[in-house]
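Engineer: Residue numbers (my numbering): 116 to 750.
No lab work stands behind these hints, which were simulated from the structure alone. The C-beta atom is built at its ideal place from N, Cα and C for all residues, glycine as well. Watch out, some of these pointers could steer you wrong.
Under the rule of at most 16 Å between Cα atoms (straight-line distance), these lysine to aspartate or glutamate pairs were calculated in the EDC-like manner [claimed, not checked]:
#	residue 1	residue 2
1	K603	D614
2	K523	D614
3	K162	D189
4	K493	E482
5	K610	D668
6	K617	D668
7	K311	D285
8	K642	E631
9	K145	E302
10	K495	E604
Label-pair distances were calculated between CB atoms; the ranges are [unchecked claim]:
#	residue 1	residue 2	range
11	Q461	K617	48 to 54 Å
12	L124	D533	56 to 62 Å
13	N176	L124	29 to 35 Å
14	D361	V340	17 to 23 Å
15	E621	N568	29 to 35 Å
16	K501	N568	22 to 28 Å
17	D668	E390	30 to 36 Å
18	D408	N486	36 to 42 Å
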Amino acid sequence: MAVIEKETLGFQAEVKQLLHLMIHSLYSNKEIFLRELISNASDAADKLRFEAINNGALFENDPDLKITVTFDKDARTITISDNGIGMSRDEAIAHLGTIAKSGTKEFFSRLSGDQQKDAALIGQFGVGFYSGFIVADEITVETRRAGLPADQGVRWESGGQGDFTVENIDKPARGTDITLHLREGEEDFLSSWRLKSIIRKYSDHISLPILMQKEEWDAEKKENVIQDELETVNQASALWTRSKSDITPEQYVEFYKHVSHDFEAPLAYTHNRVEGRSEYTQLLYVPARAPFDLWDRNKRGGIRLYVKRVFIMDDAEQLMPVYLRFVKGVIDSADLPLNVSREILQESRDVRVIREGSTKRVLGLLEELANGDEQEQKDKYATFWKEFGQVLKEGIGEDQGNKERIAKLLRFASTHNDSDAQTVSFTDYIGRMKEGQDKIYYVAADNTTAARNSPHLEIFRKKGVEVLLMTDRVDEWMLSFLHDVDGKELVSVAKGDLDLGKMEDETEKKKHEETETQYKDLVEKMKTALSDKAKDVRITFRLTESPACLVADEHELSSNLLRMLKAAGQNAPDSKPILEINPDHPLVQRLKYEDARFGDWAHILFDQATLAEGGNLVDPASFVKRLNEMLLAAK
116 MAVIEKETLG FQAEVKQLLH LMIHSLYSNK EIFLRELISN ASDAADKLRF EAINNGALFE
176 NDPDLKITVT FDKDARTITI SDNGIGMSRD EAIAHLGTIA KSGTKEFFSR LSGDQQKDAA
236 LIGQFGVGFY SGFIVADEIT VETRRAGLPA DQGVRWESGG QGDFTVENID KPARGTDITL
296 HLREGEEDFL SSWRLKSIIR KYSDHISLPI LMQKEEWDAE KKENVIQDEL ETVNQASALW
356 TRSKSDITPE QYVEFYKHVS HDFEAPLAYT HNRVEGRSEY TQLLYVPARA PFDLWDRNKR
416 GGIRLYVKRV FIMDDAEQLM PVYLRFVKGV IDSADLPLNV SREILQESRD VRVIREGSTK
476 RVLGLLEELA NGDEQEQKDK YATFWKEFGQ VLKEGIGEDQ GNKERIAKLL RFASTHNDSD
536 AQTVSFTDYI GRMKEGQDKI YYVAADNTTA ARNSPHLEIF RKKGVEVLLM TDRVDEWMLS
596 FLHDVDGKEL VSVAKGDLDL GKMEDETEKK KHEETETQYK DLVEKMKTAL SDKAKDVRIT
656 FRLTESPACL VADEHELSSN LLRMLKAAGQ NAPDSKPILE INPDHPLVQR LKYEDARFGD
716 WAHILFDQAT LAEGGNLVDP ASFVKRLNEM LLAAK
């Protein structure tokens, strides 16, 4: 091949920013660098296994995959080597000089300067290679991609500043050797005992053997002497294949960090072997924090697919529904073919069975947290709901088979207490329903303050009836698929005619009928005055303090949903609201005897009702003008 001279290239701007954080000890626990580099080496081996399914020659007569960790006290270096897939020159430049992942700008905008929080973000972002610069002031990478000739090896070097060098070398063995040149003060890592303890602590779950040179006691020198022979220092078996009784909680946590690149422990996990018409093993985790790209519905999921312990693909989104895209973990199938593709996954009966079983398993795990008696379980579910509740709500519309289970996991704020925290379940609400109440009432608004102050709640406060506060953007979409819970109809307090059923006695009903007759002429007059704004005008008994409110017809979109659609640039149907007036309010009573400025008063009532529900006035200048004229006339 043509000789390519050594060249110096600059890091991507985001890498420079990341390296600055690394070098200034962003990670409070420095030993994590070894876990990250071993994890990357394991991934490289997995990728080789996958590519070798269709091209066995990539093994190059070296089929035994392994990771080797060595150190040199005199040279002050630690080297992590693997015989995995390796990198070509272009791949080394791309993977080690740039962060080749979408969302980099948002990622850096979320760095706060809080070491613990920022470390978690960096872990989620998957840039563990750069953690080597925590302990090293120079890193040398020598690599060759499997299948390329020996003279197409590559050496990459950098001092972690603004640039790196890359040149071609001869490298007979495929794979990657990463050599860390340690900074002053990091000598404690140049110890066989120290490195082995870190490996056993963080990487015992790695399915590849991690090898180190043996040490033997030299009686004459009275010290341990490094031998040429290598020994395996980890269990070297896939963690999910072991019996649950043989796995410690710490090992489960470290495996999660390996597959998720998260620096925090998971919130909960479930490990099961399923036998029957399909045979597979699942080890699934619920993270403690939402990733920054949670709302990207096109992002592939977090499930790694293995077939008979052979890695097949990262992010096998067909194995978990979109609304559970936050779940991380491993699924190992005994039935799928080794050459399975994403297209085959979409059509496979076995995959559908795995997906259904895994979905039920995750929902069961969440139910254990939600319904647990221990305070720790309740706290964990509160954390889960805060981080992932809105995403789980998507399942109501996407997973009809599990809709009832998901509904029981939902949480909302309500008028039962003053907290804005979403802690009230449908079960809680139904257990507190008033005698004669047969419906679940809710109000939808942009935020809890607007929801609590909605005039539509006035009659419910008077009667002591609890109302759920729906304030997430997904809520009204979700409710279009959820019409009842445990036989109790879900009813918006801002849609349709108010029907309190048995909570309204015969005396009240008779009084309402009489009042509607008394105000019949006024209602007709207001309909004429507001024909361009209101679909209808009618007397209401849902108000106790406000003069008027707007409601949507029973089968039309609510004003809150219409506002959200318009704000998102969507085409919203052009519909007029219904104006309801409170016959007991002095302003409405005055209108019965108003002639000269009746139209102005009617428009002011309508515009006030629009503002009270958080809407925008079509003509705010006219509203201000009318209101000022009314105020002046009142002198």
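Engineer: If a hint holds in the structure, say so; if it does not, say that too.
Structural biologist: So, going through the hints one by one against the coordinates:
| no. | hint | in the structure |
| --- | --- | --- |
| 1 | K603 - D614 | holds, 14 Å |
| 2 | K523 - D614 | violated, 25 Å |
| 3 | K162 - D189 | violated, 34 Å |
| 4 | K493 - E482 | holds, 11 Å |
| 5 | K610 - D668 | holds, 6 Å |
| 6 | K617 - D668 | violated, 23 Å |
| 7 | K311 - D285 | violated, 31 Å |
| 8 | K642 - E631 | holds, 15 Å |
| 9 | K145 - E302 | holds, 12 Å |
| 10 | K495 - E604 | violated, 30 Å |
| 11 | Q461 - K617: 48 to 54 Å | holds, 51 Å |
| 12 | L124 - D533: 56 to 62 Å | holds, 58 Å |
| 13 | N176 - L124: 29 to 35 Å | holds, 34 Å |
| 14 | D361 - V340: 17 to 23 Å | violated, 34 Å |
| 15 | E621 - N568: 29 to 35 Å | holds, 32 Å |
| 16 | K501 - N568: 22 to 28 Å | holds, 24 Å |
| 17 | D668 - E390: 30 to 36 Å | violated, 54 Å |
| 18 | D408 - N486: 36 to 42 Å | violated, 30 Å |
Hint violations for this structure: numbers 2, 3, 6, 7, 10, 14, 17 and 18, all remaining hints satisfied.
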